[in-house]
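Chains A and B, in that order, give the protein sequences. The opening position of the first sequence corresponds to residue 8 in my numbering, with each subsequent residue numbered one higher. The opening position of the second sequence corresponds to residue 8 in my numbering, with each subsequent residue numbered one higher.
It is possible that some hints are incorrect.
Repeated chains share a single entry, so a pair holds when one copy, or any two copies, can fit it.
Pairs of lysine-lysine, DSSO-like flavour, derived with a Cα cap of 27 Å [unchecked claim]:
(1) Lys324 <-> Lys238
(2) Lys178 <-> Lys238
(3) Lys234 <-> Lys428
(4) Lys385 <-> Lys324
(5) Lys80 <-> Lys45
(6) Lys389 <-> Lys238
(7) Lys200 <-> Lys428
(8) Lys139 <-> Lys264
(9) Lys200 <-> Lys464
Think of the hints as simulated: they come from the structure by calculation, not from any bench.
Protein chains: 2
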Amino acid sequence: MTSHTKLSGGSHPPRARLDRIFHSLEGALGTGMVLSAKEVLETYAEDDSGFGAFQPDFVIRARNTQDVSIILKEASREGVPVVPRGGGTGRVGGALAVYGGIVLSLEKMNRITAIENENFLARVEPGMILEKFHQSIEEAGLFYPPDPSSLDSCSVGGNVACNAGGPRALKYGVTSNYVLGAEFVLPDGTILKTGRSTVKGGAGYELHKLIVGSEGTLGVITGITFKLVAKPSHIETALITFPTARAALQSSQDIMKSGILPRSLEFMDALSLAAARTKVPRQLPETAGGCLLVELDGSSADTLLEEMGRVAEICDKHGSGEALVAQDEAQRRDLWTVRREVAPALREMHPCRVSEDIVVPRAALAGIVDELQTTATKHGIKIAAFGHSGDGNIHVTVLYDEPTREAADAACTDTLRLAVKHGGTVAGEHGTGIQKVGALALEQSAELLEFQRGLKKYFDPAGIMNPGKVVAI
Amino acid sequence: MTSHTKLSGGSHPPRARLDRIFHSLEGALGTGMVLSAKEVLETYAEDDSGFGAFQPDFVIRARNTQDVSIILKEASREGVPVVPRGGGTGRVGGALAVYGGIVLSLEKMNRITAIENENFLARVEPGMILEKFHQSIEEAGLFYPPDPSSLDSCSVGGNVACNAGGPRALKYGVTSNYVLGAEFVLPDGTILKTGRSTVKGGAGYELHKLIVGSEGTLGVITGITFKLVAKPSHIETALITFPTARAALQSSQDIMKSGILPRSLEFMDALSLAAARTKVPRQLPETAGGCLLVELDGSSADTLLEEMGRVAEICDKHGSGEALVAQDEAQRRDLWTVRREVAPALREMHPCRVSEDIVVPRAALAGIVDELQTTATKHGIKIAAFGHSGDGNIHVTVLYDEPTREAADAACTDTLRLAVKHGGTVAGEHGTGIQKVGALALEQSAELLEFQRGLKKYFDPAGIMNPGKVVAI
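Let the sequences and hints guide you as you build the complete structure.
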């Protein structure tokens with residue numbers, strides 16, 4: 008955990024209360040529903056943030072919305088923390104039971120309840136795994152764009168909770184662009200249906216939009232109505248190397264200025280490429296200082312070919328080297344493997360690392376990636392940068408050895424300050440969680456933070472919902 | 008006003024308080040800033056809803072955010088209503104001072120403060136007229152899609168307040184899709200900057216998303232950061248007539264199912280066409296029972312031509328008649344005039360009319376337009392239907408003579424019930440205002456309404472912000 012992750016906003020409930028809620032929930036939900044075996048608690052103690060293990064007191068795998076309602080109502084009465092959990096793939100510690108209490112897993116609520124082809128929408132339970140959802144939707148000839156890298160194990164409810172993005176967000180937008188409505192359980196157990204089944208509409212407040220990104224701190228999402236779009240019939244993908252990171256980023260910026268809107272425009276710096284090279288059979292030139300993965304989609308193959316030609320010309324002006332253009336789906340997957348393996352490879356090579364997820368206005372990106380290297384040199388550590396350059400969203404991974412932990416923390420703070428200085432934000436597509444609670448003050452005023460804490464209290468007067476996350480109280 | 012517009016949620020402040028706030032605001036803002044001349048009050052007494060005149064006690068044309076902050080702070084202290092106002096073009100009575108108090112006009116805060124071409128964003132004050140904003144953005148080679156029909160006189164702040172849409176929303180989405188961040192003054196005078204300058208981001212709660220569509224009931228928007236997109240280089244527009252409304256709507260649905268995504272797909276029924284015919288020189292066949300206006304845009308002329316060919320084939324299968332395809336910009340404007348003149352022509356022909364703005368899942372549309380005619384026959388009145396068929400968003404205009412007012416009200420209620428019965432919503436792109444306050448209960452549960460009233464109270468404990476609108480307290 009970095010220096011930004013000092014815990015605040017809750018406390019571990021006393022044993023007597025835990026015993027009481029165990030009995031009342033067993034009574035209401037049925038024997039065997041409230042799990043407290045050590046191995047179960049351990050399974051739900053960690054997430055993908057690497058922030059360590061926080062063992063809950065109980066784990067409950069909700070079967071339906073009624074279960075969720077009962078659990079929240081009892082927890083509100085007893086003041087016991089409830090931590091909603093999907094796939095546990097979060098990077099900011101949002102699913103960690105930092106004050107114990109109940110981990111409320113939504114994994115069993117994982118059905119698609121409707122796909123309405125003609126209306127371009129789907130209704131789904133929160134525990135549905137994103138990749139399975141993609142498959143079902145595409146089999147129906149439609150398309151659900153958000154594609155965070157954890158798509159084989161993250162849940163759609165988790166995606167909504169942290170407003171997930173992914174490479175295709177460049178053209179298609181993030182999760183919030185696809186949430187038409189939600190079934191949502193308030194901390195007192197009240198079940199609300201917010202939003203609607205239509206793309207347009209404005210009856211009352213846009214409550215469903217506020218629930219997106221609230222990371223389980225305002226209540227629990229138990230159902231989602233997603234907007235879908237038509238499945239694009241053609242895709243073109245190319246991996247293009249550059250002598251320097253700057254040349255890659257300037258090309259990225261020039262592609263965006265050309266009027267072409269790729270569905271993905273991904274950047275990797277030299278360190279990210281070096282990491283990927285350890286995992287991928289494909290040979291990337293050792294000399295590459297930066298790389299872009301460009302993917303276009305649309306309904307006309309000719310248009311895409313013409314656009315990819317223009318992309319190649321733009322990159323050529325910045326001295327691009329080899330360009331690998333996928334000729335079929337297998338090759339397309341191969342090219343993506345380079346990009347997808349960056350994070351796992353960095354993780355394996357550097358057990359000590361902190362991953363920051365910043366966004367800056369696109370024009371500032373090339374300058375910032377240079378400044379990051381200055382930051383790394385200053386603190387005597389290494390920084391890898393990769394991610395969604397088209398969006399200005401870069402995953403900055405600070406790599407360190409145990410003795411340089413303090414230097415890494417300082418580099419993280421510098422990174423976040425850098426993002427804010429250039430008009431950006433400290434949290435991109437991973438959310439706030441416990442990681443960025445302290446860092447919010449770098450970006451937001453004391454008045455805004457205070458107002459959000461009050462808003463949280465309006466939703467959750469008992470303070471049970473995922474305490475310590477987003478705006479810790 | 009229909010039966011849905013019973014006023015509730017406020018009261019006219021007593022004279023003593025008004026006198027006090029007049030003096031304190033004159034002191035704080037300067038002499039001559041707080042207007043109370045009869046002709047000024049009358050100018051700001053009505054909006055485009057046709058719900059009548061509600062004279063405020065004062066009108067203040069704010070010069071800047073500080074003015075807004077001072078006004079709200081004083082008004083909160085004195086419990087005097089504040090009604091924010093942009094262009095006054097709202098259709099649901101959102102800008103009416105139904106309990107008197109202060110009309111806070113943002114018309115003088117009308118500057119674009121920044122256009123950042125490379126970052127595809129613009130910063131703008133709320134009083135900026137939309138059409139002027141469009142012009143400035145397009146001159147910069149960029150594009151801001153939302154285009155409600157009042158674009159020559161509505162303000163961008165009003166667009167954000169009611170989450171405006173327009174014909175291009177089909178492809179590009181409504182206003183909320185373009186609001187990255189907002190400067191927002193809370194009713195106690197606190198100035199908050201919410202959201203961000205980047206497309207992606209998730210630090211804290213998505214407060215700016217909640218402010219969109221809140222119609223000045225939670226505070227006052229004093230600045231907006233809009234996302235922009237690349238300006239499409241090619242446009243194709245066609246006006247296609249059909250023997251029946253049903254044939255037009257079935258074609259609309261089949262176009263959407265084909266995978267083609269027009270930027271606009273507009274429908275007019277026979278009555279709407281008859282009205283338009285009185286205003287437009289162009290001859291539309293007298294026999295047409297329905298009509299579609301289809302507009303495609305993109306970066307390739309060839310692709311658009313091919314797609315328009317497919318559109319024509321689809322329409323042909325449903326027995327389409329004449330198709331007028333614009334050959335240049337002037338002809339394109341001519342075709343749009345047919346669509347744009349429907350509402351003004353209906354207004355002139357039928358001084359007694361109520362306009363409802365419903366949305367239904369697209370597949371239900373053809374059936375609903377038929378059911379609307381059954382409703383009209385049942386109540387002995389006329390109903391015209393037109394609007395954004397691609398989105399399922401139809402403007403239902405109930406036409407009546409003074410003696411049939413009750414029948415018209417009943418037909419309106421039937422219309423809203425019909426929308427909800429088919430999974431739709433009672434409020435599309437015009438907002439809730441005072442018109443739909445009562446109708447919300449047709450769509451939303453008592454718990455959800457109560458929760459929204461509490462949310463409003465959290466923002467506005469003194470109850471001064473645009474009382475009687477959205478969720479009347």
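Quiz prompt | Contradicted hints - numbers only | solution = 4 and 6
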